[in-house]
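One-letter residues, chain by chain:
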Amino acid sequence: MLQTTQESFPGSDSTDFPVTAETRKRVLIEIEKILPVEAVIKEQSERRVYESDGLSAHKCLPWLVVLPDTTAQVQKIVKICAEHRVPVVARGAGTGLSGGAMPHKDGVLLSLARFNRILSVDTNNLSAVVQPGVTNLGISEYVRSEGLYYAPDPSSQIACTIGGNVAENAGGVHCLKYGLTVHNILKIELVTAQGSLLTIGSDALDSPGYDLLALLTGSEGMLGIIVEVTVKLLPAPADVRLIMAAFKSTRQASDVVGDIIAHGIIPAGLELMDKLAVEAAEAFVNAGYPLDAEALLLCELDGYKDEVDSNCDEIMSMLSTNGAYELRIASSETERLNLWKGRKSAFPAVGRLAPDYLCMDGTIPRHNLADALDKIAALSSEYGLRIANVFHAGDGNLHPLILYDANNPGELERAEELGGEILGMCVSLGGTITGEHGVGIEKINQMCVQFTELELSHFHGVKSAFDPTGILNPGKAVPTLRRCAEFGAMHVHVGEEKFPELDRF
Amino acid sequence: MMSEEKWQDTSSQLIETVSDAYHHNKQLNITGGGSKSFLGSPGTSVEDSIITTSHCGVLLYEPKELVLQARCGTPIAEIEKLLSDEAQMLGFEPPHFGDCATVGGAVASGLSGPMRPYAGAARDFVLGVNLINGKGEQISFGGRVMKNVAGYDVSRLMVGAMGTLGLIMDVSLKVIPLPRHEITCCFEMQPDAALNKMLGLSRVSLPVTGTCYFDHMLYVRLAGNEASVRAARKSLGGEEYDQGKLFWRNLRDQDMNFYSQEDIWRLSVSPSTPIDTGTPYLIEWGGAQRWYQRLDREKAEQLAENGSGHATLFRTSSSEAARFHPLSPELAEIHKRLKYAFDPGRVFNPGRMYADI
Ligand SMILES: Cc1cc2nc3c(=O)[nH]c(=O)nc-3n(C[C@H](O)[C@H](O)[C@H](O)COP(=O)(O)OP(=O)(O)OC[C@H]3O[C@@H](n4cnc5c(N)ncnc54)[C@H](O)[C@@H]3O)c2cc1C
Chain V
2 MLQTTQESFP
12 GSDSTDFPVT
22 AETRKRVLIE
32 IEKILPVEAV
42 IKEQSERRVY
52 ESDGLSAHKC
62 LPWLVVLPDT
72 TAQVQKIVKI
82 CAEHRVPVVA
92 RGAGTGLSGG
102 AMPHKDGVLL
112 SLARFNRILS
122 VDTNNLSAVV
132 QPGVTNLGIS
142 EYVRSEGLYY
152 APDPSSQIAC
162 TIGGNVAENA
172 GGVHCLKYGL
182 TVHNILKIEL
192 VTAQGSLLTI
202 GSDALDSPGY
212 DLLALLTGSE
222 GMLGIIVEVT
232 VKLLPAPADV
242 RLIMAAFKST
252 RQASDVVGDI
262 IAHGIIPAGL
272 ELMDKLAVEA
282 AEAFVNAGYP
292 LDAEALLLCE
302 LDGYKDEVDS
312 NCDEIMSMLS
322 TNGAYELRIA
332 SSETERLNLW
342 KGRKSAFPAV
352 GRLAPDYLCM
362 DGTIPRHNLA
372 DALDKIAALS
382 SEYGLRIANV
392 FHAGDGNLHP
402 LILYDANNPG
412 ELERAEELGG
422 EILGMCVSLG
432 GTITGEHGVG
442 IEKINQMCVQ
452 FTELELSHFH
462 GVKSAFDPTG
472 ILNPGKAVPT
482 LRRCAEFGAM
492 HVHVGEEKFP
502 ELDRF
Chain U
571 MMSEEKWQDT
581 SSQLIETVSD
591 AYHHNKQLNI
601 TGGGSKSFLG
611 SPGTSVEDSI
621 ITTSHCGVLL
631 YEPKELVLQA
641 RCGTPIAEIE
651 KLLSDEAQML
661 GFEPPHFGDC
671 ATVGGAVASG
681 LSGPMRPYAG
691 AARDFVLGVN
701 LINGKGEQIS
711 FGGRVMKNVA
721 GYDVSRLMVG
731 AMGTLGLIMD
741 VSLKVIPLPR
751 HEITCCFEMQ
761 PDAALNKMLG
771 LSRVSLPVTG
781 TCYFDHMLYV
791 RLAGNEASVR
801 AARKSLGGEE
811 YDQGKLFWRN
821 LRDQDMNFYS
831 QEDIWRLSVS
841 PSTPIDTGTP
851 YLIEWGGAQR
861 WYQRLDREKA
871 EQLAENGSGH
881 ATLFRTSSSE
891 AARFHPLSPE
901 LAEIHKRLKY
911 AFDPGRVFNP
921 GRMYADI
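Same order as they appear, the protein sequences are chains V and U. All letters in the first sequence, in the order written, are residues 2 to 506 by my numbering. All letters in the second sequence, in the order written, are residues 571 to 927 by my numbering.
Just so you know, these hints were derived from the structure itself, not from any lab. Note that this is a predicted model, so its numbers are computed, not measured. A few of these clues could be false.
Unchecked claim - Below are the DMTMM-like pairs computed for lysine to aspartate or glutamate, each with C-alpha atoms no more than 20 Å apart in a straight line:
{"id": "1", "chain 1": "V", "residue 1": "Lys306", "chain 2": "V", "residue 2": "Glu295"}
{"id": "2", "chain 1": "U", "residue 1": "Lys744", "chain 2": "U", "residue 2": "Glu758"}
{"id": "3", "chain 1": "U", "residue 1": "Lys576", "chain 2": "U", "residue 2": "Asp694"}
{"id": "4", "chain 1": "V", "residue 1": "Lys178", "chain 2": "U", "residue 2": "Asp694"}
{"id": "5", "chain 1": "V", "residue 1": "Lys80", "chain 2": "U", "residue 2": "Glu900"}
{"id": "6", "chain 1": "U", "residue 1": "Lys744", "chain 2": "V", "residue 2": "Asp123"}
{"id": "7", "chain 1": "V", "residue 1": "Lys80", "chain 2": "V", "residue 2": "Glu31"}
{"id": "8", "chain 1": "V", "residue 1": "Lys60", "chain 2": "V", "residue 2": "Glu418"}
{"id": "9", "chain 1": "U", "residue 1": "Lys705", "chain 2": "U", "residue 2": "Glu796"}
{"id": "10", "chain 1": "V", "residue 1": "Lys306", "chain 2": "U", "residue 2": "Asp825"}
{"id": "11", "chain 1": "U", "residue 1": "Lys651", "chain 2": "U", "residue 2": "Glu574"}
{"id": "12", "chain 1": "V", "residue 1": "Lys306", "chain 2": "U", "residue 2": "Glu796"}
{"id": "13", "chain 1": "U", "residue 1": "Lys804", "chain 2": "V", "residue 2": "Asp310"}
{"id": "14", "chain 1": "U", "residue 1": "Lys705", "chain 2": "V", "residue 2": "Glu454"}
{"id": "15", "chain 1": "V", "residue 1": "Lys77", "chain 2": "U", "residue 2": "Glu574"}
{"id": "16", "chain 1": "U", "residue 1": "Lys804", "chain 2": "V", "residue 2": "Glu418"}
{"id": "17", "chain 1": "V", "residue 1": "Lys178", "chain 2": "U", "residue 2": "Glu632"}
{"id": "18", "chain 1": "U", "residue 1": "Lys634", "chain 2": "V", "residue 2": "Glu454"}
{"id": "19", "chain 1": "U", "residue 1": "Lys634", "chain 2": "V", "residue 2": "Glu229"}
{"id": "20", "chain 1": "U", "residue 1": "Lys767", "chain 2": "V", "residue 2": "Asp256"}
{"id": "21", "chain 1": "U", "residue 1": "Lys804", "chain 2": "V", "residue 2": "Glu280"}
{"id": "22", "chain 1": "V", "residue 1": "Lys233", "chain 2": "U", "residue 2": "Asp694"}
{"id": "23", "chain 1": "U", "residue 1": "Lys634", "chain 2": "V", "residue 2": "Glu31"}
{"id": "24", "chain 1": "U", "residue 1": "Lys634", "chain 2": "V", "residue 2": "Asp260"}
{"id": "25", "chain 1": "U", "residue 1": "Lys767", "chain 2": "V", "residue 2": "Glu31"}
{"id": "26", "chain 1": "V", "residue 1": "Lys80", "chain 2": "U", "residue 2": "Glu903"}
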């Protein structure tokens with residue numbers, strides 16, 4: 002019988018790649034044979050551009066940056082790297098918030114920026130075939146004249162790429178009703194760690210064998226390089242209505258979230274912003290938010306007109322009997338988009354309040370929202386760091402934005418420790434350390450908190466099934482068991498220590 | 571219906587059985603209620619079964635959270651009853667194929683009912699699983715929250731894996747509100763016109779939750795709040811069909827004469843694929859799922875490939891025939907490696923899906 006030991010998967014325990022100067026030279030020669038000069042970036046100053054993604058606190062200069070624009074080139078690059086055991090890190094737009102696209106110092110950073118074409122739109126089957134470097138919003142804009150759109154809408158949608166969305170299983174403000182990336186794609190073309198090309202998924206609604214499409218969605222560039230994506234398109238809803246509700250306490254706003262959902266209506270989006278986030282967004286884009294609110298809910302309804310009408314009436318009355326002191330329905334498309342603009346630009350808006358911020362992404366059961374926000378506020382004062390909250394309330398997906406100043410010695414570390422405490426709380430409440438931003442490098446230690454050694458070794462098994470030598474994005478997403486031992490955190494069981502420190506406050 | 575007193579936790583026995591099988595080079599057929607035992611190949615002369623029905627009960631149901639967690643042996647019928655008391659339902663409308671169907675089997679087989687193209691597939695509603703791997707070890711992935719991207723999505727990988735990667739001990743599912751109102755309209759039509767109508771229905775925002783074309787008749791289910799269903803009904807036209815509820819249930823469970831033939835092929839194709847009318851057929855899912863009688867394998871696979879999809883020999887009296895569409899060599903290799911990662915001793919359902927996994 003075949004036997005496995007927990008660490009027997011090759012590549013699972015090492016992120017070190019002994020890349021010699023000689024290897025580099027050879028790899029470079031081979032790559033320069035297949036790419037035009039302008040697609041190979043060697044200059045240090047030009048490589049700097051790629052040293053981090055949206056998590057700018059963590060930087061690493063890549064050895065080499067390449068910008069291929071054909072699948073054949075990507076295959077050849079990966080083959081060359083595989084042969085010489087050189088790490089490859091894929092990069093879309095670099096808007097990721099967990100350091101997933103942070104380069105490897107001895108590796109090749111493979112940017113998919115030049116894969117920026119929409120290849121075809123099928124208005125019969127409601128799908129579009131796009132290259133991975135196409136922006137999320139680019140797809141919806143392209144098919145708008147057909148009355149169609151691509152549903153997942155991360156706030157970074159102007160910039161982030163569909164390849165990055167698939168790699169992170171990105172969500173957005175409308176995922177409550179329309180699902181995440183995993184629910185909205187049909188097929189991908191994948192270059193494997195050996196450089197071959199695989200089709201995963203199909204133009205039908207399912208495929209034979211294991212659901213590799215689901216497995217690859219959210220795999221953070223660890224299992225293959227996505228070179229083409231077939232997305233599902235939806236008809237634009239006949240009617241859309243946005244309600245803005247202002248509350249005097251975050252508890253009231255949080256509690257009403259569960260009530261709405263329990264009532265049997267699934268809004269298209271249900272977002273919550275706290276006072277600090279509202280102030281920042283208002284100052285940034287003049288969204289028209291009431292500045293005296295402690296918490297603001299944005300609730301969007303869409304669908305068939307008669308349905309929207311009656312759902313809207315029901316929700317308006319629920320909101321007003323549950324403490325909303327100001328209620329507004331966007332009266333025009335301009336007003337609606339402006340109210341959303343405040344929400345969608347909340348991260349950069351909050352970013353203006355301090356030199357740096359960390360964006361957390363834990364998810365919890367909805368009924369714990371109010372308690373969790375209280376706890377976050379308490380942690381904020383304990384650590385002396387301000388926190389703004391702006392998040393996907395309907396999904397229970399928190400985004401505490403921890404403000405800090407990296408120039409103050411030790412402040413980044415304090416912010417990260419605070420973030421770690423918030424994530425630990427999410428796990429103990431039965432939630433997760435990341436709802437949509439991914440683990441990357443940022444939450445790699447918290448993976449040891451959420452999963453047991455045995456579970457992590459199964460992740461290594463999955464990795465090894467696709468990438469036996471571990472050259473794709475090494476050191477990200479799934480920690481080695483050694484790393485967990487060094488980090489020294491204990492696996493937290495759900496409900497085991499409910500709010501262990503709450504009593505202290 | 572099973573009473574709550576019958577709910578019990580037999581996980582330690584299940585773990586022991588698997589661990590024992592692993593250490594003694596034995597293989598196990600995972601069996602729930604047995605309602606889907608006809609699916610897939612019978613496997614390579616595996617004599618021992620591990621029966622999951624004793625491990626049953628709802629572990630958590632929070633209507634406000636739209637979450638339900640149940641042990642694998644819990645009958646789906648029981649779960650659906652519990653949900654409907656709170657005006658909720660399983661969004662993938664799982665086929666039962668028998669009163670004894672369990673939730674573990676529903677998830678492992680990954681089948682979805684008529685609502686699939688409009689609400690999502692089984693895998694879309696799975697939030698987390700607790701598993702026993704092929705060595706008899708307990709592991710858990712995902713959770714009970716709506717969004718979770720920590721680690722690879724192993725929970726969804728289990729959906730449709732036919733038990734070949736692990737024994738699902740319990741599963742957390744997202745549930746959805748039960749539509750408050752539902753009606754079925756029907757239209758007598760030729761196949762091409764019916765397909766066009768189905769495609770057209772997907773292009774507009776209408777509260778459609780089921781489509782089926784069979785025997786020259788197109789059936790369309792509308793569901794939502796009363797106002798929207800009524801308005802949609804008006805714009806759609808057609809005849810109102812008063813046996814709708816029964817029709818969709820029988821369709822879901824293949825409780826129709828059509829399915830009593832010897833061999834039934836399932837073709838999963840791109841919706842707009844032209845309809846082949848050579849042998850008797852039934853079309854669902856807006857064109858994306860097609861059932862055929864009397865196809866030979868070559869024809870079935872060719873039709874599926876013409877439609878950029880795949881073919882499954884869903885029901886057959888032959889015990890030898892391969893059931894699932896062949897995989898490319900590279901994909902087959904990845905399947906084998908995944909199998910190895912979760913079930914290195916090939917304890918679970920060997921050969922049920924493909925000969926070598
Ligand atoms: C202001 C702001 C708001 C945001 N809002 C949201 C939000 O609402 N919802 C949300 O989910 N996220 C949000 N994000 C996070 C980020 O935008 C998403 O994670 C996005 O999916 C990343 O896409 P990208 O193209 O920038 O990918 P990158 O950051 O370049 O890469 C992300 C990961 O994907 C991998 N990758 C990229 N392309 C490929 C490919 N072709 N093949 C294989 N792997 C690849 C990389 O290796 C890396 O691990 C936000 C970020 C910012 C800065």
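Hint-by-hint comparison with the structure:
As the CA atoms of V:Lys306 and V:Glu295 are separated by approximately 32 Å, the hinted pair breaks the 20 Å bound. The hinted pair formed by U:Lys744 and U:Glu758 fails the criterion: a straight-line CA distance of about 36 Å is larger than 20 Å. For the proposed pair U:Lys576 and U:Asp694, the alpha carbon gap of about 30 Å is over 20 Å, so the pair is violated. In summary, the hint linking V:Lys178 to U:Asp694 is supported, as the alpha carbons are separated by about 12 Å, within the 20 Å threshold.
Taking the CA atoms of V:Lys80 and U:Glu900, the gap is about 16 Å. The hint holds against a cut of 20 Å. Between U:Lys744 and V:Asp123, the direct Cα distance comes to roughly 30 Å. Violation of the 20 Å bound is thereby established for this hinted pair. Under the criterion of a C-alpha separation no larger than 20 Å, the hint pairing V:Lys80 with V:Glu31 is consistent with the structure, at around 10 Å. Between V:Lys60 and V:Glu418 the CA atoms are separated by roughly 19 Å; this keeps the pair inside 20 Å, and the hint holds.
Between U:Lys705 and U:Glu796 the CA atoms are separated by roughly 52 Å; this puts the pair beyond 20 Å, and the hint is violated. About 36 Å separates the Cα atoms of V:Lys306 and U:Asp825, which puts this hinted pair outside 20 Å; it is violated. Between U:Lys651 and U:Glu574 the alpha-carbon distance is near 13 Å, which keeps this suggested pair within the 20 Å criterion. Proposed proximity of V:Lys306 and U:Glu796 is supported: the alpha carbons are some 12 Å apart, at most 20 Å.
Between U:Lys804 and V:Asp310 the alpha-carbon distance is near 17 Å, which keeps this suggested pair within the 20 Å criterion. The straight-line distance between the Cα atoms of U:Lys705 and V:Glu454 is roughly 15 Å, inside the 20 Å bound, and the hint therefore holds. A hinted pair counts as satisfied when its Cα atoms are at most 20 Å apart, and V:Lys77 with U:Glu574 does not qualify at roughly 60 Å. Annotation: proposed proximity of U:Lys804 to V:Glu418 is violated, straight-line Cα distance about 59 Å (limit 20 Å).
For the hint linking V:Lys178 to U:Glu632, the alpha-carbon distance of about 18 Å falls within 20 Å, and the restraint holds. Restraint check: the Cα-Cα separation between U:Lys634 and V:Glu454 comes to about 33 Å, which exceeds 20 Å; the hinted pair is violated. As the CA atoms of U:Lys634 and V:Glu229 are separated by approximately 38 Å, the hinted pair breaks the 20 Å bound. Our distance criterion of 20 Å between C-alpha atoms is broken by U:Lys767 and V:Asp256, whose separation comes to about 43 Å.
Annotation: proposed proximity of U:Lys804 to V:Glu280 is violated, straight-line Cα distance about 47 Å (limit 20 Å). Distance check on the hinted pair: V:Lys233 and U:Asp694 sit about 14 Å apart at the alpha-carbon level, within 20 Å; holds. At roughly 58 Å between alpha-carbon atoms, U:Lys634 and V:Glu31 are farther apart than 20 Å, so this suggested pair is violated. Note on U:Lys634 and V:Asp260: the hinted pairing holds, with a Cα-Cα distance of about 7 Å set against a maximum of 20 Å.
Between U:Lys767 and V:Glu31 the alpha-carbon distance is near 54 Å, which puts this suggested pair outside the 20 Å criterion. The straight-line distance between the Cα atoms of V:Lys80 and U:Glu903 is roughly 18 Å, inside the 20 Å bound, and the hint therefore holds.
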